[in-house]
Structure formats: structure tokens, C-alpha cells
Amino acid sequence: MSVQHEAPRTGVRTSPGVGSPPPRRLSRRHKELAWAVIFLAPAIIAILTLRIAPSIGAVISSLHRGFPGGVLEPVFSGFRNYADLLANEAFRDTVVRTVVFNVIINPLQVAIALMVAVLVTRKIGAPGLWRTLIFIPATVPIVGSSIVWGVALRPEGPINAIIEALGGTPQPFFTSGDQALASIMLVLSWIGIGYWMLFLISGIQSIPEEYYEAARLDRAGPIRTFFSITIPLLKRPLLFVLVADTVANFVVFVPIQMLTNGGPQNSTTMQMFNAYRTTYTYGSKNLGAAEVVILTLIMLVFVAIQFRMLREDRPTRSRR
Amino acid sequence: MRRTTRAAGTVGVIALMLTAACSSGSDGGGDGGGDGSWSLPAEDPTATIQVLGHQDAADMQLVLDAFAEAHPTITVEYEAVPFDQLNSILDARIGNQDGNPDVFWADQPRIPALASRGYTEDLSEQFADDLDAFDPAPVESSSFDGSLWALPIANSTQLLYYNKTLLDAAGAEYPSAAVEDRMTWEEVTERAQAAVDAGAQNGLLFGQVNRYYQLQPLPMSLGGSAGGTGDGNLTPDVTTDPWVEAMTWYGSLFADGLSPQGVTPEQSDAEFLTGNTAYMVQGPWLLPQLSDATFEWGVAAQPAFADGEAVTPTGSWSLAMSPFSDDKEAAGVFMRWMSVEGGGGYALNYGSPELPATPEGKTAYFERDVFDSDSGQDAVAIIDYESSNTAVPRLQTVGYVEFEEILGRAFSDVANGTDPQTALESATSELETAWAQYQ
Amino acid sequence: MTATTTRLRRGRSERRSVALTILAVLVAAVFALPALWLLLGSVRPSSEIFGSLSPLSWRILVPSSVSLDNYVTLLTGSFGRALGVSFLVCALTVAVGVIVCALAAYALAVLQFRGRGAVFAFVVISFMVPFEAIAIPLSQLFTSWGLTNTIMGLVLPGIGNGLAIFNLRQHFLAVPTSYREAATIDGASEPRVLWSVYWPLGGSALANSALLIFLGQWTAYLWPLLVVSESRLQVAPVALSRTFGEHTFDYGQNFAGAVVLSVVPAVMMFILQRSFGGLSLATGEK
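Protein chains in written order, with our numbering: chain A, 13 to 332; chain B, 328 to 766; chain C, 207 to 492.
Quick caveat, the hints were computed from the structure, so don't treat them as lab data. There's no promise every hint is true.
Incomplete in silico selection of chain A near chain C, CB under 7 Å [stated by the list, open to error]:
1. 55
2. 66
3. 70
4. 147
5. 156
6. 304
Some residues of chain A that are not near chain B, with every Cβ distance over 10 Å (derived) [what the hints assert, rightly or not]:
7. 43
8. 57
9. 90
10. 181
11. 224
12. 312
13. 318
Note that the structure is predicted; figures quoted are calculated from it, not measured. Ideal Cβ positions, reconstructed from N, Cα and C, are used throughout, including at glycine.
Here chain A stands alone, though its shape is the one from the complex (with noise of 0.2 Å):
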């Protein structure tokens, strides 16, 4: 790779500070520790109350067992709903279909926002045109698309016409266990590419023009420039997108619960749908909270896994 994403260095207007003496560098120190403070004060204090503290309540729920719903006290149990659930084939093959969804979906969806991004910002007509229709079905309401989709995947709907009418085989969609996981990724993807696309979009156009310039006098074709260049400049938010899309696939459970509310035969019963039943269908307060635990923490597994294999090459001058 011959480009690296360290600073492009042009029009720098001062020498950068290297040559400050070390008293001053200490109570440099302490003062970005202040500004630190300060600045992630209000961050912090919103999370922790409205997001971390009723966390650790659902982790301590999930400690406890109670009849399902319900005013009465539930009484503490250690770990019997994980044990529980873990004994449960049920539970342990939506594991397994909730990390095999993940390991298929998010890299797929990531790739093609990728490459519908590059599309856009390319030199062509209208591109605010085209990027807002690709971007207006993750502003669609999650009710109206489960709608639209539901009735075009139909065994007798309007895409099984268009099938037919060239000549293929209608296919079964959301009506069989083989191809209903697949048909949600369909519905999901449709949804969420134009939405990640945006900030890819605003990633691919934040690398300066010159690493372009560059590959072309070195006679680069497209694919070498986009894979010497694009790629290896956009880490940072093809990190951001990676993660996001990981956690907004984890916890989607609208359009399942739409569409095939988990069947046929179990086949799209995924983690957080299950969660959701257990939760508020079944009133199941504290053994949904267990799900929700586990969940989470499968969901941690992959995001550290995505944060090691995108890890930022720190730039040689920003650090120490």
C-alpha cells in the first residue's frame, strides 16, 4: 500500500509542537483532563442514567425469577433463568440463527452501501437525486415497509408475477423455512444500505483529492484505486457503519414480527424478536432480561472482533 492515512501535509500553517518543555507539558496534561471532564460531562451523565443504570436494573432482573408480569415481588435465583435458557434446544438453535444472520447480513449490507456510496460519488448526474431515493426507505415507517414487502413477497404476489412472466419458477418467500431468513435479509438490506450509504458517502468524500490525483499519475485502474486508496481511507467510517449496522441487526425485530412473527417453523426467530415475546407477549419481565443479557454480550463479542480487525493504524504524529 503506498498510501497510508496519516495527515496529508499540505498548507500546514505552523510547525506542530513537538519542542514544548515538559512543565508545561504537565499542566497541559491536567488541563485536557479538565476540558475532558467537562466536555463529556453531560454525554456521560445522559447515558449513564437513561442507558446504563436501568442496564444494570435488567441484569439484576435477570437474576431474579417471578411469575410472568405482574406486582408481585420476584425473589432472587442467581443464575436459574440462564441455566434455564441454556438447556433449552429452543433457545440455543436462535442463538446459533441470530449469530449466522449476523456473520451473513452486516458484512453483505456493509458492501453493498459501499459500493452503491462509490457509485453516487461518482461523477455523474442529479447525485442528491439518487442518493435521497436510495435513502428514502430507511425513512419509511418500519409498518408501512413490512406492508409493501409482505404483499409483493406474496406466493402470488406481484415479484412471483414478474418471475414467472420471464420465465422462471415462483418462489415461496416469508412460506418456507428456507427461504424466509433469507427474504427478511431482502426487506433489511432494502431498508438499511441507503442509510449506511450516507456515511460512507460523507467518508469517500472526505479523502482529499490528491490520494486520486496520485493513483491516476501512477496509472492505477479504477478496482486498484478503490482498493488501495478508498478502502484504506475509509477505516474509520467503514468502523462506524460496521458497528452500527452489527447492533441495529441485532436488535431488529419489527419487520420479523410483521412478517413471519418468527416462522415458518422457527426459521426466522431471531434473538431480540425472542426477547421481545418473552418480555412484553408473555409478560416474562425477568427471563426476558436474561435474553436480552446474552444477547448483548454476543453482540459485544462481535463488535470487539470488528473493532480488532478494523484497528486504526494510529497516525505517525497525532500521538506522544
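Starting from the structure of chain A, add chains B and C where the hints point.
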């Protein structure tokens, strides 16, 4: 907020923060049942009560206006929440234990669960004298463990609707509207096939496709149980011959192309109204929409199997009282007016017709405009007969929600081609797991 | 570089742009077509929404007649008012949220302090917790704080958005540190550096974060139901839910509401792209 129990509520919330537990912990009122310390007052108290329901606030206004006229000292603050979120919101609000809401809409098959969870006040004592005013099925659906937990305000039944244009094209005669001449499912299957052969897109549509409410009568018509037996109806009983036979028939509708896959319950009315469906089983709520239909239509009684009994679905909504209500007397006056007075203030005054749970209310209900046509008059006779004679309540168990959900998925699998025996067996094992916590 | 090669190159890139434009149009069509069906469903006679589905014909995308009744009924009813509430809630959340998140992102990307990694991990974990899992206990806390039926109760959960912080942090990391060093030597304080160096360079990332916070609030459904019981504070997605009842589903009105709800963020995104799209690091450099 006007709250006398506010201090107690705050204590509860602090306890909640300390234990940080999901389910609210409180030492007060946890028993949930009524303590009989109140009675229906002879004279109306002056009070404001809060009522939570899924009916649209604008539609409810007529009802609330009528109540205000009858009981001017009681002010009702009605809050409408979406049908699909009613239970989540109830969980949150009752968990607050602050008396909001005082009265709420309770789905009848959920009443055993609501009662066991301590969400409802025991009303047996206060309303003992009013029970004779109702049809028996809705009262049964509002009771559990020998007590009355809610007052029924509506009822429901199902009819067989048919599209005369499509039946003509298939050369099929119209079904008789007389309940004693109801068709058999075998006949319907045959004629639906003829209609499809003659060009109809759908032969037979279950309006509530894959829902237990509408499919329960199939196995029961063949002599099966409601789906659960034993102590508290907590032993699954869905793999018996009647169940398997009924589900085999149901699955064949989809396999043979008589019923469409992918039409959801919310879409079935619209599907029938496009004029492409020969027969549809649906509730009376379809009648008003049919006035705009572009085709001729008729109604008949819900069919039964040839060597089986006539069984029809029933049940709707009741009003329940929160045990944390701080105006139980006023709430009781409101509930009584809604369900019993004059045949039921709710059913009588609500904009779109809801089948009342009282015979007196039904008389007034049948006077409504939607029943003016000949087919409407046929519907009157059928609804009247079914709701008093063939109606069977849904399975009564604390584990109903899980039961409905798991069976719904099994039905959907059958419709998608899974072997009925396999689907029902796997539902049984899922049910056993889900119900273990209630044993 | 000679004049001829330049011309050649330009010629080639223009030819390519036509092909790529066609490709972009096709991709856009695939994404927009299902949404178009919603739009058509909101203006066509209701019997036609499902009636035109099969057999496959041009009817599916060509209504026999067009009427705006669904929009009129919707916007003059409680939905119109709820839209106003939604706007207010979103505007407040975005205004406060972007600032809160930018401050945090700046600290996490630029400032050096012990435990920075831990704080960042904490932020990442915060957006991994499914909101549905904590909504009911959180709403009961809000009740005890007296925040039910207040705008504040609706706005607060959208403020500390971990995703927006993450997004801005990634962007701020790409800003050359020399900029800040130059500014500090000129005597600028940290807020000054953030405001006059990082904020203007934030451009499209700030716009995206604003959109992210906006969409989160704009589509909120469960939370408003839990903390608001008075109709005057009802938000648009909740108001739209009256189109689906227990037995009936008013598709025409639901689709009209869906169109209104999706047009607002789409237009917002179009405008944001216009105003901030060009203001990226690349141009900031020059």
C-alpha cells in the same frame, strides 16, 4: 396529578430504584384481589376517573357524552392507546401502582393471566346481582377461579360471507341463511374448488387466518377439546385425532390453492372487497364495509364438519378495574353503566356496531342501519342464534397468551405445508416448556 | 501533462459518467419503487390498493383516479397536530443532542487523558443495549421524576446518543492534529478549537449525526406511548397508529401517513447533503 396513593407510589418507585429490578417491587397492595371494602354507591360520587382503552378517542366521544349525561358528577378521562401496545402500556402503568388507570379494556382470554398477576380487582361481590343480564359465554370469559374479574362490554361471533357473482359463475347455489341448514366444511371445500376452477382467485378465506380465535371451532366441531386439559387447563391437548384431522383439512385449503398464502388478517377484508374471493369467514364488523362492495354478497351461518357439531367463536372485550384505583366506587358506576345499564352503554352508543354482551343490548343493536338490507336481516338471525347457542369461549388458562402465540405459529406452519401432526407435536413441546413456569 | 491527454481523459470520464448515471438511476429505481407503491396507495381508491396486485399489469403503478382525501383527513385530524409535536421534539433533541455529542466526541478523539479508551468503550456499550429492554423500568423512573406528559420526557432519551458520538469521533480523528496545535499556539482554548476548527470541518459528519438523532426521535413509538398519556403531546407515529385497529386497517390513510413521515427526513437529508456535502475535510484543506 391528583393522587392520594402518590406517597405509596413514590415509596414503590424508590424501592424499584434501589433494587433496580425490572418488575416493580412494592409491599402495598401486592395481593391484587379486591378486599370488598367498597360497594356500588346508591348515589353517584363526585370524582374523576382515568380509563385506558384501545378504541379511538374520537369514536369513544359519543359513549363518553352519553355517560356524562347519565352520571354528570363523574368525569371520565379516556386515553386511547394502539391495540398492539395495550398490554405493554398496562404493564408499565399498573406497575406504577398509582391508580392511573382506574379502569381498562381487558381482552377476555387474557383475564385469567391479568387476575393472577394482580392487575385486576375482584368484582364478584359488587356485581353479583348484575350477572343475569349477560349472555352466559362472556361472563364465563370474564371469570376465573370462581371469581368475576371484569365486566363484559361486547361480544363477537363469525359468519360465512359469500360473493354471489363468483358463485353464479361457478354454477354453485347460494348457501341457506337458516342456521339449521348450515353448510358443512366438506360442501364449502367442494364449492370453493368449483369457484376457483371458474376463475375466482380465492375459494375460501379465513378472515383471521392462522388465529386460534377463528380456528378453535374446527377441532371442537369434531369433538376435540379447546386445546388444554387438566389442572388449570395447563396440559396441552392439541395432538388428538380431532385436532390433527381439522388441521389436515385446514392445510389442504392452502395446498390445493383454495386459500391464499400471504394474506394477513389485517388484509383479509380488503381482499374480500376486491371481489376475488368466493367465501370468507369473518366477524360482523365486515358488514358496514360491505355497503360499498361492487358485487352482490350474502351471509350464512359458519359451517360445521359433516359428522360434527356446530361450534362458533365468541368473546371480545371486558372492562377491568385496577386494584390500585383510588376511586373504586366511581369506577364501578362507570363500568356498570358501560356494560349493563340499558343493555350496555358502550355497545349502545359506540359509533361502529359492536355486538353487545347482553340480550337487551342485542335487541337495540339489531335496529342499526347496517342490518337494513335482506342480507343484513339474515345476519341478525344468525348472530342472535350463534351468540346464545353455539358459542364456545377460548381456552381459559393463565397461560393463554403463550398458548395463542404458539398455536398461531403452528397453524401458520400448517398453512405453509408442514405436516399437521408434526406441527401440533412441536407446538405441544413448546407449550410444555412455556407452561412449566405456571405449574 | 499535455493538453491532448487532459482532453482525452475528460472525454473518457464524461462517457463513463453517462453509463454510471444510468446505473445510479437503476439502483435508485430499485430502492424507490416499493416506496412509490405506498405513495400510489395513498392517493388511489382504497379498493384498488390490493385489487390491482394480480394479475400483474401496469395497473399496479397507474391508479384509475387520484384523490388527496386521505391527506386532507389525516392532516386536519389529530395527526396534523401530532406532527407539530414531533417536529418540536425532534428539533429540540437535535439542537441539544448534536452539541452534547460533539463535545463528547471531541474529548474522545482529540484530548489526551487517562481512561479515554474505557470511556469510549462505555459509550459503545451504551448503544448496544436494546432500548425495548429498558423502556418500561425507565418510564417508571420518569414517572417518579414527574416527567410524564412533558416535552422534556420525550426529548431526554434522545440526547446522549452513543452512535452519534461514535460517528463524530471517527470523523474528528481524521482531522490533522497540526490544526489544533496551530490553534493552541495562537492561544485558543479547547472550546475555541472545537468551535472554530473541528465544528466547521465536521460538515457532513455533523449533518449525518443530526439526521441520526432526528430519525431516532422521529420514528419513536413505544417510548412516547409510555411517557405521554395526554393527547396534546401525542407524537405523529402514535397518531398514525389509529389507522390500524383490532379488526380494521385503513390502508389509504396509513400509507398517506407513511408518506408524510418519510418525506420529512428525506427532504431534510437532501438539504443537509446540499449544504454540508461539499464542506468536507478535502475542501477545508485548501
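task = Let me know if the C-beta of residue 156 of chain A comes in closer than 7 Å to any C-beta of chain C, holds or violated.
result = With a minimum Cβ separation of about 4 Å from chain C (threshold 7 Å), the hint on residue 156 of chain A holds.
query = Going by Cβ atoms only, is residue 66 of chain A closer than 7 Å to chain C?
reply = Holds. Min distance 4 Å.
inquiry  = Using Cβ atoms and 10 Å as the threshold, tell me whether residue 224 of chain A really stays out of contact range of chain B.
reply    = 48 Å, holds
query = Against chain C, is residue 70 of chain A within 7 Å by beta-carbon distance?
reply = This interface hint holds because 5 Å falls under the 7 Å limit.
query = Taking C-beta pairs only, is residue 57 of chain A more than 10 Å away from all of chain B?
reply = 16 Å, holds
query = Non-interface claim for residue 43 of chain A: all C-beta distances to chain B beyond 10 Å?
reply = 37 Å, holds
query = Given residue 304 of chain A was flagged as interface, is its beta-carbon under 7 Å from a beta-carbon of chain C?
reply = 4 Å, holds
request  = Decide, holds or violated, for the assertion that all CB atoms of chain B are farther than 10 Å from the CB of residue 181 of chain A.
outcome  = Holds: least Cβ distance 16 Å, greater than 10 Å.
query = Is the interface hint for residue 147 of chain A satisfied, with its Cβ closer than 7 Å to some Cβ of chain C?
reply = 6 Å, holds
inquiry  = Can you verify the interface hint for residue 55 of chain A: is its Cβ closer than 7 Å to any Cβ in chain C?
reply    = 4 Å, holds
key: Assertion that residue 318 of chain A lies farther than 10 Å from chain B (Cβ)   = 30 Å, holds
request  = Report holds if the minimum CB distance from residue 312 of chain A to chain B is greater than 10 Å, and violated otherwise.
outcome  = With a cut-off of 10 Å, residue 312 of chain A remains clear of chain B, as the shortest Cβ separation is near 21 Å.
The structure is consistent with each of the numbered hints, conforming to all of them.
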